[in-house]
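When you get a sec, could you build the whole thing from the sequences and use the hints?
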Amino acid sequence: GNSVTQMEGPVTLSEEAFLTINCTYTATGYPSLFWYVQYPGEGLQLLLKATKADDKGSNKGFEATYRKETTSFHLEKGSVQVSDSAVYFCALDANTGNQFYFGTGTSLTVIP
Amino acid sequence: GAGVSQSPSNKVTEKGKDVELRCDPISGHTALYWYRQSLGQGLEFLIYFQGNSAPDKSGLPSDRFSAERTGGSVSTLTIQRTQQEDSAVYLCASSPDSRWGYTFGSGTRLTIV
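Here the protein sequences come in this chain order: A and B.
26 is the number of the first residue of the first sequence in my numbering; add one for each residue after it.
1053 is the number of the first residue of the second sequence in my numbering; add one for each residue after it.
No lab work stands behind these hints: they were computed from the structure.
Please note that a few of the clues may not be correct.
[To be verified] Computed footprint of chain A on chain B; a stretch qualifies when at least three of its residues, placed anywhere within it, have a C-beta under 8 angstroms from a C-beta of chain A:
no., segment
1, 1072-1081
2, 1153-1159
[What the hints assert, rightly or not] Beta-carbon label-pair distances, calculated as ranges:
no., chain 1, residue 1, chain 2, residue 2, range
3, B, Val1064, A, Thr37, 45 to 55 angstroms
4, A, Pro35, B, Gln1136, 17 to 27 angstroms
5, A, Thr53, B, Ala1106, 18 to 28 angstroms
6, A, Ser104, B, Ala1106, 44 to 54 angstroms
[Claimed, not checked] Far from chain A, some chain B residues (derived; all Cβ distances over 12 angstroms):
no., residue
7, Lys1067
8, Asn1104
9, Gly1111
10, Pro1113
11, Ser1114
12, Thr1130
Quantities reported herein were computed from a predicted structural model and do not represent experimental measurements.
Even for Gly, the Cβ is constructed at its ideal location relative to N, Cα and C.
Structure follows, in structure tokens:
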């Protein structure tokens, strides 16, 4: 089956710290992988994506590399800002045309 | 429109009443999805529409839940005889092609009292 396992939160970091949020997946076939971000009081927004092995998705200083050998898609940012405080969701599209599979979300709080 | 529009943004209703939630997807997006986000939980898939095909209803939690999509555009999610466990944020998303990801609406926060 298809599933996403995401690092438990909440995560609290000081401004300018390095961020890693772990995400591993189980999938049949060749999925596409996504990170979504949900800022307080808002809907989910696509942050970045990767559609095949070894692709690196990047946006707003965040990066994630699709690692087929370790079935992972960890989210990283070199220097977080207070404005990065949000809930981050890892998601998988099994390319079967229907639902995405989401992780449970990781809450990040960045303190000045 | 420019984004996925959901209404109402907040809904408080008494247990046992029926509710309707509306989603207006991005124009031209053939795929439309409903998810539910409960407090402290991840996103739970409810239903998926693709063009004129029969919807994938495999995520609907009970027969109290139903959804329709008229004219391949606007969708309505209906919950009959609401229960307190139905309290959640209901999210709608649309996509022209799932490889590019979804665009989500801001959600409807449903509270059953």
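Inset, instruction - Please write out, lowest number first, the hints stated earlier that are contradicted by the structure. - result: 1, 3, 9
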